[in-house]
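J.: I would like the entire structure built from these sequences, with the hints used as guidance.
Residue strings, one per chain:
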Amino acid sequence: MAEMNFRPLHDRVVVRRVESEEKTAGGIIIPDTAKEKPQEGEVIAVGPGGRDDDGDLIPMDVKAGDRVLFGKWSGTEVKLNGEDLLIMKESDIMGVLA
Amino acid sequence: MAEMNFRPLHDRVVVRRVESEEKTAGGIIIPDTAKEKPQEGEVIAVGPGGRDDDGDLIPMDVKAGDRVLFGKWSGTEVKLNGEDLLIMKESDIMGVLA
Amino acid sequence: MAEMNFRPLHDRVVVRRVESEEKTAGGIIIPDTAKEKPQEGEVIAVGPGGRDDDGDLIPMDVKAGDRVLFGKWSGTEVKLNGEDLLIMKESDIMGVLA
Amino acid sequence: MAEMNFRPLHDRVVVRRVESEEKTAGGIIIPDTAKEKPQEGEVIAVGPGGRDDDGDLIPMDVKAGDRVLFGKWSGTEVKLNGEDLLIMKESDIMGVLA
Amino acid sequence: MAEMNFRPLHDRVVVRRVESEEKTAGGIIIPDTAKEKPQEGEVIAVGPGGRDDDGDLIPMDVKAGDRVLFGKWSGTEVKLNGEDLLIMKESDIMGVLA
Amino acid sequence: MAEMNFRPLHDRVVVRRVESEEKTAGGIIIPDTAKEKPQEGEVIAVGPGGRDDDGDLIPMDVKAGDRVLFGKWSGTEVKLNGEDLLIMKESDIMGVLA
Amino acid sequence: MAEMNFRPLHDRVVVRRVESEEKTAGGIIIPDTAKEKPQEGEVIAVGPGGRDDDGDLIPMDVKAGDRVLFGKWSGTEVKLNGEDLLIMKESDIMGVLA
Numbered sequence: 002m003a004e005m006n007f008r009p010l011h012d013r014v015v016v017r018r019v020e021s022e023e024k025t026a027g028g029i030i031i032p033d034t035a036k037e038k039p040q041e042g043e044v045i046a047v048g049p050g051g052r053d054d055d056g057d058l059i060p061m062d063v064k065a066g067d068r069v070l071f072g073k074w075s076g077t078e079v080k081l082n083g084e085d086l087l088i089m090k091e092s093d094i095m096g097v098l099a
Numbered sequence: 002m003a004e005m006n007f008r009p010l011h012d013r014v015v016v017r018r019v020e021s022e023e024k025t026a027g028g029i030i031i032p033d034t035a036k037e038k039p040q041e042g043e044v045i046a047v048g049p050g051g052r053d054d055d056g057d058l059i060p061m062d063v064k065a066g067d068r069v070l071f072g073k074w075s076g077t078e079v080k081l082n083g084e085d086l087l088i089m090k091e092s093d094i095m096g097v098l099a
Numbered sequence: 002m003a004e005m006n007f008r009p010l011h012d013r014v015v016v017r018r019v020e021s022e023e024k025t026a027g028g029i030i031i032p033d034t035a036k037e038k039p040q041e042g043e044v045i046a047v048g049p050g051g052r053d054d055d056g057d058l059i060p061m062d063v064k065a066g067d068r069v070l071f072g073k074w075s076g077t078e079v080k081l082n083g084e085d086l087l088i089m090k091e092s093d094i095m096g097v098l099a
Numbered sequence: 002m003a004e005m006n007f008r009p010l011h012d013r014v015v016v017r018r019v020e021s022e023e024k025t026a027g028g029i030i031i032p033d034t035a036k037e038k039p040q041e042g043e044v045i046a047v048g049p050g051g052r053d054d055d056g057d058l059i060p061m062d063v064k065a066g067d068r069v070l071f072g073k074w075s076g077t078e079v080k081l082n083g084e085d086l087l088i089m090k091e092s093d094i095m096g097v098l099a
Numbered sequence: 002m003a004e005m006n007f008r009p010l011h012d013r014v015v016v017r018r019v020e021s022e023e024k025t026a027g028g029i030i031i032p033d034t035a036k037e038k039p040q041e042g043e044v045i046a047v048g049p050g051g052r053d054d055d056g057d058l059i060p061m062d063v064k065a066g067d068r069v070l071f072g073k074w075s076g077t078e079v080k081l082n083g084e085d086l087l088i089m090k091e092s093d094i095m096g097v098l099a
Numbered sequence: 002m003a004e005m006n007f008r009p010l011h012d013r014v015v016v017r018r019v020e021s022e023e024k025t026a027g028g029i030i031i032p033d034t035a036k037e038k039p040q041e042g043e044v045i046a047v048g049p050g051g052r053d054d055d056g057d058l059i060p061m062d063v064k065a066g067d068r069v070l071f072g073k074w075s076g077t078e079v080k081l082n083g084e085d086l087l088i089m090k091e092s093d094i095m096g097v098l099a
Numbered sequence: 002m003a004e005m006n007f008r009p010l011h012d013r014v015v016v017r018r019v020e021s022e023e024k025t026a027g028g029i030i031i032p033d034t035a036k037e038k039p040q041e042g043e044v045i046a047v048g049p050g051g052r053d054d055d056g057d058l059i060p061m062d063v064k065a066g067d068r069v070l071f072g073k074w075s076g077t078e079v080k081l082n083g084e085d086l087l088i089m090k091e092s093d094i095m096g097v098l099a
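Residue numbers (the working numbering), protein chains in the order written: chain A, 2 to 99; chain B, 2 to 99; chain C, 2 to 99; chain D, 2 to 99; chain E, 2 to 99; chain F, 2 to 99; chain G, 2 to 99.
There could be a bad hint or two in this list.
[Stated by the list, open to error] Below are the SDA-like pairs computed for lysine to any residue, each with C-alpha atoms no more than 25 angstroms apart in a straight line:
{"#": "1", "chain 1": "A", "residue 1": "Lys80", "chain 2": "B", "residue 2": "Asp62"}
{"#": "2", "chain 1": "D", "residue 1": "Lys38", "chain 2": "C", "residue 2": "Gly72"}
{"#": "3", "chain 1": "D", "residue 1": "Lys64", "chain 2": "E", "residue 2": "Arg17"}
{"#": "4", "chain 1": "D", "residue 1": "Lys80", "chain 2": "E", "residue 2": "Arg18"}
{"#": "5", "chain 1": "A", "residue 1": "Lys64", "chain 2": "B", "residue 2": "Pro60"}
{"#": "6", "chain 1": "C", "residue 1": "Lys90", "chain 2": "C", "residue 2": "Arg17"}
{"#": "7", "chain 1": "A", "residue 1": "Lys73", "chain 2": "B", "residue 2": "Asp93"}
{"#": "8", "chain 1": "G", "residue 1": "Lys80", "chain 2": "G", "residue 2": "Lys90"}
{"#": "9", "chain 1": "D", "residue 1": "Lys90", "chain 2": "C", "residue 2": "Ser75"}
{"#": "10", "chain 1": "A", "residue 1": "Lys38", "chain 2": "G", "residue 2": "Asn6"}
{"#": "11", "chain 1": "D", "residue 1": "Lys73", "chain 2": "C", "residue 2": "Pro49"}
{"#": "12", "chain 1": "A", "residue 1": "Lys90", "chain 2": "B", "residue 2": "Ile59"}
{"#": "13", "chain 1": "A", "residue 1": "Lys73", "chain 2": "B", "residue 2": "Ser75"}
{"#": "14", "chain 1": "C", "residue 1": "Lys90", "chain 2": "C", "residue 2": "Asp53"}
{"#": "15", "chain 1": "A", "residue 1": "Lys90", "chain 2": "F", "residue 2": "Gly56"}
{"#": "16", "chain 1": "C", "residue 1": "Lys90", "chain 2": "A", "residue 2": "Glu78"}
{"#": "17", "chain 1": "B", "residue 1": "Lys38", "chain 2": "B", "residue 2": "Val79"}
{"#": "18", "chain 1": "E", "residue 1": "Lys64", "chain 2": "D", "residue 2": "Leu87"}
{"#": "19", "chain 1": "E", "residue 1": "Lys90", "chain 2": "D", "residue 2": "Lys38"}
{"#": "20", "chain 1": "F", "residue 1": "Lys90", "chain 2": "F", "residue 2": "Gly56"}
{"#": "21", "chain 1": "F", "residue 1": "Lys73", "chain 2": "G", "residue 2": "Lys73"}
{"#": "22", "chain 1": "A", "residue 1": "Lys90", "chain 2": "G", "residue 2": "Glu43"}
{"#": "23", "chain 1": "B", "residue 1": "Lys38", "chain 2": "A", "residue 2": "Glu78"}
{"#": "24", "chain 1": "E", "residue 1": "Lys90", "chain 2": "D", "residue 2": "Val79"}
{"#": "25", "chain 1": "E", "residue 1": "Lys90", "chain 2": "D", "residue 2": "Thr77"}
{"#": "26", "chain 1": "C", "residue 1": "Lys80", "chain 2": "D", "residue 2": "Val63"}
{"#": "27", "chain 1": "F", "residue 1": "Lys90", "chain 2": "E", "residue 2": "Leu87"}
{"#": "28", "chain 1": "F", "residue 1": "Lys90", "chain 2": "F", "residue 2": "Asp55"}
{"#": "29", "chain 1": "C", "residue 1": "Lys73", "chain 2": "B", "residue 2": "Phe7"}
{"#": "30", "chain 1": "F", "residue 1": "Lys38", "chain 2": "F", "residue 2": "Asn82"}
{"#": "31", "chain 1": "C", "residue 1": "Lys38", "chain 2": "B", "residue 2": "Pro60"}
{"#": "32", "chain 1": "E", "residue 1": "Lys90", "chain 2": "D", "residue 2": "Pro49"}
{"#": "33", "chain 1": "D", "residue 1": "Lys80", "chain 2": "E", "residue 2": "Gly50"}
{"#": "34", "chain 1": "C", "residue 1": "Lys73", "chain 2": "B", "residue 2": "Arg17"}
{"#": "35", "chain 1": "E", "residue 1": "Lys38", "chain 2": "D", "residue 2": "Arg17"}
{"#": "36", "chain 1": "D", "residue 1": "Lys80", "chain 2": "E", "residue 2": "Gly66"}
{"#": "37", "chain 1": "C", "residue 1": "Lys38", "chain 2": "D", "residue 2": "Thr77"}
{"#": "38", "chain 1": "A", "residue 1": "Lys90", "chain 2": "G", "residue 2": "Val19"}
{"#": "39", "chain 1": "A", "residue 1": "Lys80", "chain 2": "A", "residue 2": "Asp55"}
Keep in mind the hints are simulated off the structure, nothing from the lab.
T.: Next comes the structure, spelled out in structure tokens:
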């Protein structure tokens, strides 16, 4: 993807899912529904942040380029620039892989 | 539409849905219920914003003219000036297409 | 109605429903249950406003005389001065027609 | 009732229900369950008010003697001085008849 | 009861239920389940009060010795000094009988 | 138990249940499920306290050594130093026996 | 595990479960589903903390290396560096073993 032409609102984050290769010892692909562990992804774009009770912006803890873990069912699928991406809230992200 | 003669209250946004052409390779129209991906629309009018816990206005992050993505089931359908539009809350909008 | 002799409390609004004429091309009246689109009405009286977390009044965004849109099922029906009116909260009002 | 010897706590209000005469054109009494419109009553006593998030009292918007409208199912029935009265929260009261 | 040796926490109140004599005209005792009206009681001990959002104590509006009304199902039954008492929150108390 | 080697977090309290002898007049032990009255216990350790909306600590109202009443179903059973104890929140404690 | 290469967000904590040996007197392993008591674990990494209503960070009460108790069903299982770990919120942790 050349450049992100989508600006997420509030505390939303655009994530490109990274499919991990999951094979059993014998090389059999585990069917998708059998794994509910967190998913890995790359942050593509982040919103300006949510707001506290005084209406002030709370800065985001992730930035574009971060490798993140998130729940398997987090976010909404969206096609941007012909690519399948996820829009989720930062609170759906568990942490950042260093 | 010549001019918007409707003033949304609070953090509400008036959106004109943009129907994307969705055909399969063979040119068959995908029936509407088969796609639950976010919808695209154009912002027609925005309210003054919601209020924080101190009663102060929180400025809106979208403005008239913005191309936005929103959930398929967001908002209430309304006919204004003979045109079918949607009234939704800004929090239903996922982001702005540049 | 000569004069409003009812003072709504808090962020409540008294609204007189404006029945729009809805006929099909052939002039058949659409039965009431077939339309769940927002309803139009005229604001008759407004309360002083709700209160924020500090107990301060939040000023109302509508005033008597405003033409407003509201959800079909919003508000409570009440007969005042022999007239059928609706008492609803300002948050049930989607916006003001100019 | 000579004098109120009951002090409501917080934002509670003691109301004496005023039964309105409801007859059909032919003079038939409408059975009670057929009307769910707001009820009319007279305020007998009011509490000191609820508290905002800082613990400060929010002054009451009704006072003893006010004629008020309230939902048919609002409040708790109580017998004070041998009289059947209602104890409800001020938020159950829709407004004051002038 | 000689002296209260129980200190309620927060906004809790210890109440001794006062059984009112309820007989029908013919002197028949109304069985307990037939009356859901508020109950009368005497306040035996009160906690220091709840806390507002800043953590400050909110002073209690009832004190030991007050005759109060409360909902029939309010509070938890407890035996203290061999006596059956109720522990409830102040918000379960509707008001104070003068 | 020699010394508590467990530090509860936030507003949690460690309690050792005190079994009261409950016999009927004839000396029959009442089976456990027949009594849902509050339970008595001794506070073994307390956390630093919860936090108000500003993030400041709210001091605890109980301390180690206090005899307290709490709901029969409050808390989580835990074995510490080989002893069966309960971890509950201070809000589960109704009051302190003097 | 050599070094933690995962940074938890907000008030999340990464925990390595410590399996306690649970045998009956006769040495029979108690099947897993029979024990719902808190679990023991070691804190591997902690986030920067949640935020109060003003958006300020609330410091964490646990740190890497702490031995903690947590509910059997707390947290999400995740595989990091090939090791099975748990990501939970600090509020799921009951306390710290000294």
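J.: Quickly compare the C-alpha distance for Lys80/D and Gly50/E to 25 angstroms and report which way the hint goes.
T.: Measuring from Cα to Cα gives roughly 29 angstroms; hence the hint is violated.
J.: Does the alpha-carbon distance linking Lys90/E and Lys38/D stay inside the 25 angstroms limit?
T.: Judged against 25 angstroms, a Cα distance of about 33 angstroms means the pair is violated.
J.: Regarding the pair Lys73/A and Asp93/B, is the alpha-carbon distance no greater than 25 angstroms?
T.: 22 angstroms, holds
J.: Does Lys38/A pair with Asn6/G here, judged by a C-alpha cut-off of 25 angstroms?
T.: Since the Cα atoms of Lys38/A and Asn6/G sit roughly 18 angstroms apart, the hinted pair holds (cutoff 25 angstroms).
J.: Checking one constraint from the list: CA of Lys80/C to CA of Val63/D, max 25 angstroms. Satisfied?
T.: It holds: about 21 angstroms lies between the C-alpha atoms, which stays within 25 angstroms.
J.: Going straight from one Cα to the other, do Lys73/A and Ser75/B come out at no more than 25 angstroms?
T.: OK: Lys73/A and Ser75/B at ~23 angstroms, within 25 angstroms.
J.: Taking only the CA atoms, is the gap from Lys64/A to Pro60/B under or equal to 25 angstroms?
T.: Holds: Lys64/A and Pro60/B sit about 24 angstroms apart, inside 25 angstroms.
J.: Given the hinted pair Lys38/B and Glu78/A, is their alpha-carbon gap at most 25 angstroms?
T.: Holds - the C-alpha atoms of Glu78/A and Lys38/B are around 6 angstroms apart, at most 25 angstroms.
J.: Given the hinted pair Lys38/E and Arg17/D, is their Cα-Cα distance within 25 angstroms?
T.: With a Cα-Cα distance of about 16 angstroms, the restraint between Lys38/E and Arg17/D holds, given a limit of 25 angstroms.
J.: Does the structure keep Lys90/F and Asp55/F at a Cα separation of 25 angstroms or less?
T.: 20 angstroms, holds
J.: Straight-line Cα separation of Lys90/D and Ser75/C no greater than 25 angstroms?
T.: This hinted pair holds, its Cα atoms lying about 21 angstroms apart.
J.: Just to be careful, I want the Cα atoms of Lys90/E and Pro49/D compared with a cutoff of 25 angstroms; is the pair within it?
T.: With a Cα-Cα distance of about 18 angstroms, the restraint between Lys90/E and Pro49/D holds, given a limit of 25 angstroms.
Hint compliance for this structure: hints 3, 16, 19, 22, 30, 31, 33, 37, 38, 39 are broken, all remaining hints hold.
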